[in-house]
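Enquirer: Single-letter residue listing:
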Amino acid sequence: MNKSIRIRGIDDITGNSWAILKWVQETLSDLFATHAYRFIETPMLEPTDLFVRKGGGGITTQMYSFSTPDGLQVSMRPEFTSSIVRHCIEAESLPRLPIRLQYSGPVFRFDVDTGDNHQFHQSGIELIGSDHPRSDSEVLALGCLGISTLGLEKTQLVMTDLDIFSQILNHYGLSDRGRLFVMNHISILQKGGDALLHVKEKARTLGLLRPNQQPKINIDDVSSMSETKARHLIAEMLKRDEIGSLGRRTPNQITERLLRKMWGNHDSSNMDPALEIAGALAIIKGDPQYCLKAAKDILKAHRLTSISLEKLEETLNLLNSESISDTSLILDFGLARGMSYYTGIVFELTDATGKTSFGSGGRYDGLANSLGSEKKLPALGFAYNLEHLISFFGENPKSPGSSEDTTQSTLVLPMNSESYRKALEIAKDLRANGNNVEIDVFMRNLEESIAYALSNSIDVIVTVGECGVENEYNVG
Amino acid sequence: MLDNGDADLQIILPSDGNLHQPTREFLQSCNLGVERSSSRTYTGSIPNLINTKVLFQRAADITSKIEEGSAELGITGLDRFLEYQRHASDSTIAIDDLGFGGCKLVLAVPTSWLDITTIEDLADLALEFRENKKQLKIATKYPRLISKYFLENGIEYFSLVTTSGTLEAAPVAGYADIIGDLMATGETLRENKLKPLSSPAILSSQACLIANRKLLRVKPDTLGQVKVILEMMEGYIRSKQYHRISANIQGESEKATVTKILERPNLAGLQGPTISRMYNVNGNTSYSITIVVNQGVLLEVIDHLRKLGATDITTSDVNYMFKDKSYAYAKLLSQLEN
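These protein sequences, in sequence, are chains U and X.
So for the first sequence, my numbering puts the first residue at 56; every next one is plus one.
So for the second sequence, my numbering puts the first residue at 4; every next one is plus one.
The following block holds chain U by itself, in its conformation from the complex (with noise of 0.2 Å):
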């Protein structure tokens, strides 16, 4: 038999580690409750479609799924988000917005790259319903505060703002699949240099440059025929027999994409220089009013109006210059990488050097339309890696464990099976006095006792005869 039967990667927490968590667990969900954010405890298992509706297939490859035993394909949450998005869809009856909620907890996620296995304590919140620069800027001031709150100076805030791309997205009219094309290869535009040749080559080979070669398609007669007759003719293969089952499609979806794909995609001409620009933002990163100026520059240079950057001028303007004085303001075009289902302000938290990710979020206005809501629900929220705040912590005066714990640990030792009792009622008055107590059952001797205690952080021993308390021994 296996000596361990613990998932590596997927651990105890125990002792000052667990002290250390629920004290970061408390001082944030006070401070967010200073801000009117209610807690809400959503459920750890939900059904696999939730996360991927928001995270994509690619979630699915992170995620812990297996089916319940009738038959539910279910997942451990790998976030909280999701969740808290469909609590609000499901309210029969929305509470005036906005609404402002906070969570904690342990989420799962797999890392693909390395093999490795991750539980792991996110603790956030969700500003749900408006869509006002003020609401960007009440979060992010949120973010910043919740780190300097729990002892940690010299942090970062990076952001970037996704309405600009989706402005020059809109502006060439790409479909969205030429639109997700873009914002998956920002990173990649980002290093600058050859990258955009690359991605256009990329781009090229998924048939959204144009290739200058027409794609194959088995009824070759069908484009040089008028319109009407090649409706006609593909609806009549549809009706064949040995054609077999459309499965959810209907002929016309069918029809429509057959047609578009033989005369033409207005994406091949339109990704070119939309990537051109896309290529351009995303290695602008630095003080704000440069980055601001900078990327003004880039699109008054295609004749785009500059609406967008107007937008985050003045979430930032309205940025309470007070609550992220510990944090340093960084905007970074780039990071508008994989990040599919944001919509406006995206950012990350991170220490000084902007190696470790402290937390991250932005706003996600489309969620609740693809989680099956009619209505539009703008929203917006962070969740902080509390894993990756901790190890930051070093001497952190504020954390428990560096400051004077005045909880005293006692062993209470009957010195004999008749002085039992009398142990019982002496422990009960020491718990009363806020004493930590616990009465032997191991029948050890005091010197046993000793050894115990001092193994097992306790401070005092108190013996107890038939009469009473005989001695106390400090151990600690």
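Bear in mind the hints are in silico, worked out from the structure with no lab data behind them.
Hints may contain errors.
Calculated lysine to aspartate or glutamate pairs in the EDC-like style (CA-CA distance at most 20 Å, straight line) [as the list claims (entries may be wrong)]:
no., chain 1, residue 1, chain 2, residue 2
1, X, Lys-151, U, Asp-171
2, X, Lys-196, U, Asp-296
3, X, Lys-136, U, Asp-171
4, X, Lys-151, U, Glu-311
5, U, Lys-294, X, Glu-194
6, X, Lys-136, U, Glu-311
7, U, Lys-348, U, Asp-327
8, X, Lys-196, U, Glu-291
Incomplete in silico selection of chain U near chain X, CB under 10 Å [said to hold, decoys possible]:
no., residue
9, Ile-298
10, Gly-299
11, Glu-311
12, Lys-316
Glycine included, each C-beta is placed from N, C-alpha and C at the ideal position.
Given chain U, put chain X in place with the hints provided.
Expert: Okay, now just chain X, sitting in the frame of chain U:
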């Protein structure tokens, strides 16, 4: 007996499915034939290799059995190995092309989807589904390989339906839109009114020999048998590429005959011909030559020899082809060091 190792080596073979019989035949060809007392017993032996135990397991379980260290070696499909191998695990591929069990992992869509022929079309369709608040559903027994392929091709919105039953029925039954499955001839797909995408296959798979590195490290005594197995397999697989050709050629002298043959070095055998004088009743000076050639140039070689006046050209299969060392074994040893 080919070897006399001290420790017991265990090798797991497929007890069912398409790989069962070909594996037995392959080992027989490698002079490593397996004896099994009846089809209901799950163990066997290789009489030519003592201290070696054969375990028969379900093909689907072999990767995980090697991963958990139930045996040192196993034969399974490359598809199953890549699907089930855990990250940073102790299992490794010792020989990735045993030359049988060939098939391709492909995506297949309903024949009626006239507009979908490539993975790019499917990427487009996945987004069209999403716009309509649906997920493109793929039924597969290979969730890892399929999701990796989708993500590499820019498809983010999909959901996988994992099932161990017959996949081809999934689109008609309605629990998936398309399937990701192995295809040998494509006949089953056609019968179920499905067509594979014209994009290159996700994976070209065949049977492979896998090994547990950790187990081999702690049981170095088994390496003797492992070496025999790898040598024989490698020698047999390599031999399939070659033919041995014998022919009789009239010539003035041994040297003159050889010179003519060597005028076309690429058709003169791997290392050149072996030649010996023939004595016949006509008193002609004739030579018998033997060369080993790659099967790709067989007819060219025969043509070359004919032009030099060769007659009675015969060819025969090569049973094994051993090089200066076993490259597969050397590779495995280097993997044990890492």
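Enquirer: Could you run down the list of hints and mark each one as holding or not?
Expert: Against the structure, the hints:
1. X/Lys-151 / U/Asp-171: Judged against 20 Å, a Cα distance of about 17 Å means the pair holds.
2. X/Lys-196 / U/Asp-296: holds (10 Å)
3. X/Lys-136 / U/Asp-171: violated (33 Å)
4. X/Lys-151 / U/Glu-311: violated (29 Å)
5. U/Lys-294 / X/Glu-194: Holds, at about 18 Å.
6. X/Lys-136 / U/Glu-311: Holds, because 18 Å separates the two Cα atoms, which is no more than 20 Å.
7. U/Lys-348 / U/Asp-327: violated (24 Å)
8. X/Lys-196 / U/Glu-291: holds (17 Å)
9. Ile-298: It holds, given that the least Cβ distance between U/Ile-298 and chain X is near 4 Å, below 10 Å.
10. Gly-299: holds (3 Å)
11. Glu-311: holds (8 Å)
12. Lys-316: holds (6 Å)
When the structure is compared with the earlier hints, violations turn up for hints 3, 4, 7 and for no others.
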